[in-house]
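Participant: The primary structure of each chain is shown beneath.
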Amino acid sequence: MFHYTVHTSLDVVEEKISGVGKALADQRELYLGLLYPTEDYKVYGYVTNSKVKFVIVVDSSNTSLRDNEIRSMFRKLHNSFTDVMCNPFYNPGDPIQSKAFDSIVSTMMVQAC
Amino acid sequence: MDQGSAAGTGGTFISLSDTEQRCYSGLYALCQPDSSGKLAAGKVAELFRASQLPAETLHQVTEVCGAKRLGYFGCGQFYVALKLMAAAQVGLPVRLESVAGELPLPVFVGIMNELEMRYPNHPSTNESQPHILGSLTGSAPRPPADRPVLRHPDTSMDKQEAWSPPRSPGISPPRSPSAYRSYPYGAQRNGTDTLLAHDGNVPGRLSVPQENSSPSHYSLKLQSEHPVITCVASVERLVERAEIDYSDEPWRITEEQREYYTNQFRSLQPDLNALIMGTVAKNFFTKSKLPIPELSHIWELSDVDKDGALTFPEFCTAFHLIVARKNGYPLPETLPATLRPGFVEPGVVTVPPSEATEPLIVFDDKMMPGANQLEMGSVDLQMTSRPGVTAKQDTRDESRKPEFSPKRIPDPHEKPIQRVSTLKPDSPQELDANMKSRTRPRSYSSTSIDDAMKKVEEPPTPPPRPQKTHSRASSLDLNKLFQQSGQGAKSGWLPPPPALPPRPPATQIFSFLPGSEKSSQKAVQQPNFADFSKFREEQESSVRGGLSTEDLAPPKSDSTLRHQGHAPQKPVRRKLHPESESATPPSATPYSAATLTKSTQRPPPKQKREIQMAIRKNRETNAVLTRLNSELQQQLKVVHRERVTLESQLELLRPVAST
Chain A
1 MFHYTVHTSL
11 DVVEEKISGV
21 GKALADQREL
31 YLGLLYPTED
41 YKVYGYVTNS
51 KVKFVIVVDS
61 SNTSLRDNEI
71 RSMFRKLHNS
81 FTDVMCNPFY
91 NPGDPIQSKA
101 FDSIVSTMMV
111 QAC
Chain B
114 MDQGSAAGTG
124 GTFISLSDTE
134 QRCYSGLYAL
144 CQPDSSGKLA
154 AGKVAELFRA
164 SQLPAETLHQ
174 VTEVCGAKRL
184 GYFGCGQFYV
194 ALKLMAAAQV
204 GLPVRLESVA
214 GELPLPVFVG
224 IMNELEMRYP
234 NHPSTNESQP
244 HILGSLTGSA
254 PRPPADRPVL
264 RHPDTSMDKQ
274 EAWSPPRSPG
284 ISPPRSPSAY
294 RSYPYGAQRN
304 GTDTLLAHDG
314 NVPGRLSVPQ
324 ENSSPSHYSL
334 KLQSEHPVIT
344 CVASVERLVE
354 RAEIDYSDEP
364 WRITEEQREY
374 YTNQFRSLQP
384 DLNALIMGTV
394 AKNFFTKSKL
404 PIPELSHIWE
414 LSDVDKDGAL
424 TFPEFCTAFH
434 LIVARKNGYP
444 LPETLPATLR
454 PGFVEPGVVT
464 VPPSEATEPL
474 IVFDDKMMPG
484 ANQLEMGSVD
494 LQMTSRPGVT
504 AKQDTRDESR
514 KPEFSPKRIP
524 DPHEKPIQRV
534 STLKPDSPQE
544 LDANMKSRTR
554 PRSYSSTSID
564 DAMKKVEEPP
574 TPPPRPQKTH
584 SRASSLDLNK
594 LFQQSGQGAK
604 SGWLPPPPAL
614 PPRPPATQIF
624 SFLPGSEKSS
634 QKAVQQPNFA
644 DFSKFREEQE
654 SSVRGGLSTE
664 DLAPPKSDST
674 LRHQGHAPQK
684 PVRRKLHPES
694 ESATPPSATP
704 YSAATLTKST
714 QRPPPKQKRE
724 IQMAIRKNRE
734 TNAVLTRLNS
744 ELQQQLKVVH
754 RERVTLESQL
764 ELLRPVAST
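These protein sequence lines map, in sequence, to chains A and B.
Heads up: the first sequence runs through residues 1 to 113, numbered per the working numbering.
Heads up: the second sequence runs through residues 114 to 772, numbered per the working numbering.
Hints are computed from structural coordinates only; laboratory data are not their basis.
As the structure is a computational prediction, the values presented were derived from the model and not from experiment.
Some hints here could point you the wrong way.
Unchecked claim - Taking CB as the label site, the calculated pair distances span:
id	chain 1	residue 1	chain 2	residue 2	range
1	A	Glu69	B	Thr392	36 to 44 angstroms
2	B	Thr758	A	Lys16	34 to 42 angstroms
3	A	Ser72	B	Val752	41 to 49 angstroms
Note that beta-carbon positions come from the ideal geometry of N, C-alpha and C, so glycine has one too.
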């Protein structure tokens with residue numbers, strides 16, 4: 001059920017990055033921040049230099065999550081993602097099956113909760 | 114006997130653990146099953162006898178498992194029988210119920226010794242499998258290959274290497290029966306691989322003897338298109354290495370394996386210190402016919418620095434993992450310690466090159482052509498090499514040990530060296546990886562060395578301040594020159610730096626020079642320390658030039674400083690009295706002029722020191738004042754400029770405003 005939310009948030013991401021004419025080089029611009037707060041949850045966006053988008057959906061009731069934490073989560077995600085990319089056997093576009101990646105993501109999510 | 118229970122045995126499914134399955138499948142293969150799956154009665158009987166169970170028990174087993182009823186031993190019956198025998202050996206009654214639980218593997222003397230040893234009451238162990246194997250091999254010296262290659266039900270890969278019982282026991286003790294399974298995709302290797310299985314995974318000996326004993330079963334032929342060739346070569350090695358002690362872990366790389374890996378590495382990348390690019394490695398490893406997800410996992414495990422390329426140790430690790438995988442070992446979740454790039458083998462001779470041989474086989478593409486020939490040759494080799502193998506065991510091991518340890522040691526060094534050397538030649542891949550790799554943003558334990566290597570040097574220390582100020586001043590110099598041209602003596606190329614760094618050491622020089630009250634002079638003097646001697650010579654000539662140097666201060670280049678230094682120093686030298694300070698430095702010129710005049714007077718040497726002390730104090734105050742002066746002057750200039758711009762803007766706006 002979150003897929004719908006993520007898909008809709010992609011539009012917001014596109015809107016944010018299309019408006020920026022300058023090169024998105026630094027971390028700050030990679031992190032898009034709160035995309036769209038709904039009644040139930042908040043969506044945060046992050047785009048990489050290669051236009052790969054990360055979207056994090058968090059429960060609104062979880063107010064303890066600060067912006068910095070979200071940023072660090074995105075950073076970890078980005079790092080793990082690059083590690084997965086480094087694997088020559090991984091074809092971009094395939095669902096990621098790396099166990100290391102999954103473990104990192106799970107750990108991160110557990111920490112956030 | 115439990116006929117009743119036996120009746121249902123045929124269709125009873127008994128769960129087998131992995132080790133059991135392997136063992137049983139190996140035994141099954143051993144018994145020379147025919148096309149329909151029936152086992153040769155003779156072989157079965159032999160096996161049963163080897164279990165050293167009383168005949169009555171064996172009869173019971175036969176009945177319970179259903180073979181008696183059927184008249185032959187099929188796969189299922191055989192397995193049940195094995196399990197029953199295991200139970201009997203443990204002391205349980207021969208019942209179907211007995212086999213429901215976990216049992217140690219049945220012991221067959223002379224046949225499966227290794228096998229049992231291998232699985233000493235550890236029916237199932239996932240990660241301990243390797244350990245088990247290791248222990249087994251170590252303990253059981255001979256058993257000819259029981260490599261119970263797990264036969265898949267398809268029997269398509271029939272690798273059964275019929276191990277040859279006749280094999281001389283000396284051949285290789287620790288080759289524990291390969292309990293590993295051969296995966297379907299590993300079938301290509303089939304017998305050869307298994308045969309060559311190194312101790313690490315499985316006793317390669319199995320293959321060897323098997324080849325000899327039963328070429329017919331030798332699935333090598335089956336895999337003729339497979340790199341049997343590799344088998345041949347590896348077989349030799351295997352045979353030689355037969356005596357290699359089966360190390361306790363299949364995750365160690367033996368020397369032979371390492372040699373093999375080295376050769377393979379060289380085929381891809383001649384420089385051992387360089388990296389193999391990801392795509393190259395991908396193509397290479399894809400030839401092993403392992404499924405992509407597994408290869409992906411292997412890559413993740415072996416590429417510890419996550420740079421998308423493999424160094425030599427990483428390559429060995431990956432290769433080793435692939436070989437292990439082909440031999441049926443499940444891939445570990447994390448990289449075993451022995452496979453880490455930084456791991457240094459303590460000189461222990463590890464698993465025999467069974468794996469080394471395996472990889473040879475793996476790459477079918479390369480080996481296909483000569484497979485057939487190799488087959489023949491391999492058999493011969495095995496025949497001949499076997500006898501002599503046993504004797505060499507010890508010597509070989511020992512020789513290997515020292516070889517191995519030094520070999521290992523360089524590896525960790527290699528890695529750092531590779532890191533360094535490859536840092537540049539590496540494609541942007543590595544650079545990119547570096548940027549985002551763990552080496553920097555995240556700490557990665559195994560790449561600590563890499564961190565050190567890859568870390569960009571710290572930015573060079575900032576240039577000394579005076580230079581900076583000087584650079585700034587240079588721009589001002591011109592202005593100053595133009596603006597203060599009236600001042601005259603000032604040499605335009607050294608504007609007073611906004612902040613002259615105090616030069617305490619200059620005081621030392623000052624003792625040398627009786628007078629310089631200005632900090633700039635101090636600074637100047639310092640670099641021009643050596644020039645002092647010149648001062649005297651140039652005193653007359655550069656007196657004037659030196660005057661302006663006061664404000665110039667050290668920032669200027671040494672050459673200029675020297676020039677300037679000359680001038681100020683001269684006056685400094687001359688000047689004896691600290692009255693120089695009186696000339697507040699609104700302009701260096703007047704100051705210097707004053708100093709000049711004063712310098713002419715020279716107190717007697719006796720009072721020199723006192724005067725010098727006073728001079729120093731005055732100098733310091735002068736320095737402060739000079740600095741202040743220069744700063745104010747600069748501010749003045751800035752303000753002037755602003756005023757000018759504002760005025761111009763005002764003028765521009767006036768007509769607009771007026772209209």
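Participant: If a hint holds in the structure, say so; if it does not, say that too.
Facilitator: Here is what the structure says about each hint:
1. Here the CB-CB span from Glu69 (chain A) to Thr392 (chain B) is close to 37 angstroms, well matched to the stated 36 to 44 angstroms.
2. Taking the beta carbon of each, Thr758 (chain B) and Lys16 (chain A) are about 39 angstroms apart, inside 34 to 42 angstroms as hinted.
3. In this structure the hint that Ser72 (chain A) and Val752 (chain B) lie 41 to 49 angstroms apart at CB holds, the actual value being about 47 angstroms.
Checked against the numbered hints listed earlier, the structure breaks none of them; every hint is satisfied.
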